[in-house]
Every structure is written in C-alpha cells, then in structure tokens.
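> Sequence:
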Amino acid sequence: MFLKSFGGVVVAMTLLVGNTAIAQTTDTRLAFHIQVGSDNDGNPIILDAGSVQGSEYTILQKQGNGVTKTTFRASCAEGRLFSETAANYSADGQLISEKPTQQEITPQPGTPEANSMEIVCQSASKEGNQ
Numbered sequence: 001m002f003l004k005s006f007g008g009v010v011v012a013m014t015l016l017v018g019n020t021a022i023a024q025t026t027d028t029r030l031a032f033h034i035q036v037g038s039d040n041d042g043n044p045i046i047l048d049a050g051s052v053q054g055s056e057y058t059i060l061q062k063q064g065n066g067v068t069k070t071t072f073r074a075s076c077a078e079g080r081l082f083s084e085t086a087a088n089y090s091a092d093g094q095l096i097s098e099k100p101t102q103q104e105i106t107p108q109p110g111t112p113e114a115n116s117m118e119i120v121c122q123s124a125s126k127e128g129n130q
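Quick note on numbering: full-length UniProt numbering labels position 38 of the sequence shown as 38, and the sequence is numbered without any gaps.
No lab work stands behind these hints, which were simulated from the structure alone.
Treat the numbers as computed from the prediction; the structure is a model and nothing was measured.
What you were told as hints is all true, and nothing was included just to trick you.
Computed Cβ-Cβ distance ranges for the label pairs, DEER-style: (1) S125 - G64: 29 to 39 Å; (2) S97 - S125: 32 to 42 Å; (3) G54 - A91: 28 to 38 Å; (4) Q122 - D92: 33 to 43 Å; (5) G64 - T101: 12 to 22 Å; (6) N65 - Q122: 32 to 42 Å; (7) N65 - P109: 30 to 40 Å; (8) S38 - E84: 17 to 27 Å; (9) Q122 - I96: 29 to 39 Å; (10) S123 - D92: 24 to 34 Å; (11) T101 - G79: 12 to 22 Å; (12) A77 - G110: 19 to 29 Å; (13) D41 - A77: 33 to 43 Å.
Heads up, the beta-carbon is just placed ideally off N, CA and C, and yes, glycines get one too.
Use the sequences and the hints to build the structure in full.
In structure tokens, the structure reads:
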C-alpha cells in the first residue's frame, strides 16, 4: 500500500535529475510529469499530471536531499489559486512532515504556479470541471 501511494514521489525524485516531461505506468494508470518551471538553483519544478482531479493538483520540487510535494486547488473561472497542503519527503522517500497551508496564491505569469494552473485549467475546461 505504501509503495503504491509513494510511487509518484520516487518518480519525481528521478525526474529532478532528468527531462522536462516523462510518462510512467503504475498498475493500470499512466502518470505524466511536466516541468512547469525551475528554482533558483536550476532544479525543475514538476506538475504531477497524474494527480490532477478536476482543478486540484500537485507540484513537486527538490528541497535539500528530498522532495516537497504541494497540493493546489485552482478556481479557474475566477483566476484564483489556493495552496492546500505541503509535504516533505526524505531522499529515501519517507514522509518527514505534512501540513495544511490553506492560503491563496497570486500566480504571476511565467511562474511554476501560473504555468501549472494554466495547464490544469485548460484540462478542466475541456472536461467541464471548472
């Protein structure tokens, strides 16, 4: 059970060293990871497209030797973005901390937050889930 839920984080840790978009199969699901930006050190910030459910989604970012996984909720029709939770994982994939963030983010054009929101909202609009 742990390995199934944690598979996305392991893939993301691999991606932090590699390409901008990768697909991986997990069980019967196809997971896509898309680079939506990079941090000040040039490390990619990745949208876990497999996590998208309506207008809620996750981005992954290298943090020290581990990964930070942040869940966002977009109000596409209003152009608003909310940070829901942030979780930190160690290099070996163990959950270190998780906390609710519950705050509104003002996405600036060209930032990972704005780029990921644009992708998710376009997808939600096509599916009618705004």
